[in-house]
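Q: For the sequence shown, my numbering gives the first residue as 1, with consecutive numbering after it.
Treat the hints loosely; a few may be bogus.
Stated by the list, open to error - Distance ranges between label pairs, derived from CB positions:
#1 52 - 75: 42 to 50 Å
#2 78 - 57: 23 to 31 Å
#3 3 - 76: 30 to 38 Å
#4 44 - 65: 33 to 41 Å
#5 57 - 77: 25 to 33 Å
#6 46 - 77: 41 to 49 Å
#7 57 - 33: 42 to 50 Å
#8 31 - 61: 14 to 22 Å
#9 22 - 47: 16 to 24 Å
#10 54 - 77: 20 to 28 Å
#11 44 - 72: 33 to 41 Å
#12 3 - 24: 38 to 46 Å
#13 20 - 49: 29 to 37 Å
#14 61 - 82: 36 to 44 Å
Think of the hints as simulated: they come from the structure by calculation, not from any bench. Glycine residues also receive a C-beta, built at the ideal position from the N, C-alpha and C atoms.
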Amino acid sequence: IVDMLSTQGMNEDGGTGRMAIIAFHSLEDRIVKEYLRREATDCLCPPRIPVCVCGHKARLRILTPKPAIPGEQEILHNPRSRSAKLRAAQVLISS
């Protein structure tokens with residue numbers, strides 16, 4: 001899933017855009033959440049290192065801090081949607 005997000009989520013032409021990911025299982029959602037959080041952070045260095053040495057820059061801005069979940073009406077019309085979680089992010093720079 002992470003490989004797919006990295007290759008398909010970022011633009012090759014250096015432009016910006018938005019991505020929306022629907023996860024139907026809690027393990028999928030965990031992977032998506034951790035990926036979005038990591039790519040929205042400027043530094044990935046451990047907290048014990050006082051100065052950033054990784055050079056990582058945020059490539060995403062998270063648009064949905066909490067996932068969007070279906071409402072009661074949607075679940076009545078589509079019972080399979082009850083486990084769906086939607087997360088969205090804006091691409092700031094390409095890789």
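Q: For each hint, tell me whether it holds in the structure or not.
A: Status of the hints after comparison with the structure:
no. : hint                : result
1   : 52 - 75: 42 to 50 Å : holds, 44 Å
2   : 78 - 57: 23 to 31 Å : violated, 39 Å
3   : 3 - 76: 30 to 38 Å  : holds, 36 Å
4   : 44 - 65: 33 to 41 Å : violated, 20 Å
5   : 57 - 77: 25 to 33 Å : violated, 42 Å
6   : 46 - 77: 41 to 49 Å : holds, 47 Å
7   : 57 - 33: 42 to 50 Å : violated, 20 Å
8   : 31 - 61: 14 to 22 Å : holds, 19 Å
9   : 22 - 47: 16 to 24 Å : violated, 33 Å
10  : 54 - 77: 20 to 28 Å : violated, 46 Å
11  : 44 - 72: 33 to 41 Å : holds, 40 Å
12  : 3 - 24: 38 to 46 Å  : violated, 19 Å
13  : 20 - 49: 29 to 37 Å : holds, 34 Å
14  : 61 - 82: 36 to 44 Å : violated, 29 Å
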